[in-house]
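Between the sequences and the hints, there should be enough to build the whole structure, so can you do that?
Residues 2 to 290 (the working numbering) make up the first sequence, in order.
FYI, nobody ran anything at the bench for these hints, they're computed from the structure.
Keep in mind it's a predicted model, so treat the numbers as computed, not measured.
Treat the hints with care, since some could be wrong.
Stated by the list, open to error - 30 Å max Cα-Cα, derived DSSO-like pairs, lysine-lysine: (1) 200 <-> 22; (2) 246 <-> 106; (3) 106 <-> 127; (4) 33 <-> 200; (5) 76 <-> 33; (6) 76 <-> 200; (7) 22 <-> 132; (8) 76 <-> 106.
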Amino acid sequence: MPELPEVETVRRGLANLIVGKVVSATDHDTPKSFPNTETDVRSFLIGANVTAVRRRAKVLMIDLSTNYSLVVHLKMTGQLVYVGGDERFGAGHPNDSLVNALPDKSTRVTLSFADESQLFFNDQRKFGWVKLLPTAEIPRLPFMLKVGPEPLAETFTVDMFAERFQRRGRTNIKAAILDQSVVAGVGNIYADESLWGAKIHPKRLVATITPEEFEALYTDLREVMNLSIEKGGSSNRNYVNAEGKRGSYMDFARVFRREGLPCPRCGTTIEKLRVAGRGTHICPHCQTL
DNA sequence: CACTTGACCTGTCCGC
DNA sequence: TGCGGACAGGTCAAGT
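Here it is, written out as structure tokens:
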């Protein structure tokens with residue numbers, strides 16, 4: 002799934018839907034999806050009140066009144082879908098069919114709240130997880146120690162952006178922008194979209210990128226991510242928000258998954274290639290080596 | 001260190 | 001219709 006705009010969309014939804022609710026029960030399939038001890042679950046999850054829902058990079062944190070948090074990574078196919086107690090089997094709910102189908106085959110973790118509502122963590126490919134950890138320990142997780150700055154933060158400047166790349170001078174710009182220790186939250190969709198916006202070929206070595214190009218990339222990355230959040234994220238395959246609804250950014254995508262279609266800037270046919278081990282979409286006229 | 005590749009999983013799509 | 005292979009929004013652990 003889920004890159005920064007999708008995770009942020011889920012965060013905003015959950016912040017409205019579950020803050021203040023009391024956890025009454027939990028269930029899961031494999032320990033891989035929910036690697037927590039029974040003792041911790043009983044002591045710090047059951048009976049806890051949800052106090053906040055936060056995000057850092059592509060990681061979600063559901064804070065609890067016990068000073069523990071549920072830390073969630075959706076990886077490629079994870080979903081967090083909330084179903085209100087009164088919505089189940091209710092007629093006229095916008096997501097009737099999806100909501101009433103849960104839990105389903107991909108459901109890995111279920112959280113039940115005291116008011117009968119539920120939160121489902123679904124994950125087709127089982128890469129994601131939900132970890133119960135002391136809130137104060139989260140910043141000391143290896144991932145949190147190495148992850149780069151939030152690209153949409155007001156304090157994040159173009160100079161900081163360009164500086165972050167200097168450590169990765171000998172690789173290509175696509176691998177570097179996907180590196181979470183350079184900048185947080187960029188994944189395959191927004192890497193391709195922003196490189197197209199800045200007219201930079203994804204195979205260009207970082208060391209050859211000019212200050213003007215870094216500035217264009219910085220501006221475009223932020224624009225494209227802000228637009229995507231506004232559109233509720235990208236539903237390329239199975240991403241949905243906390244209410245089970247798809248996002249519409251893919252309707253606005255300029256190159257991602259648009260191979261064979263004309264470039265919206267010059268009309269040249271968009272091509273798909275492989276860079277940094279990932280499917281990569283470019284306009285061969287706008288983005289040259 | 002910086003960099004690349006394979007592994008983790010299931011489902012879907014495409015060519016034979 | 002069936003089957004094999006490639007591929008899919010992300011990160012890690014290994015290898016060079």
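Unmet hints by their number, sorted upward, for this structure: Failing hints, ascending: 1, 4.
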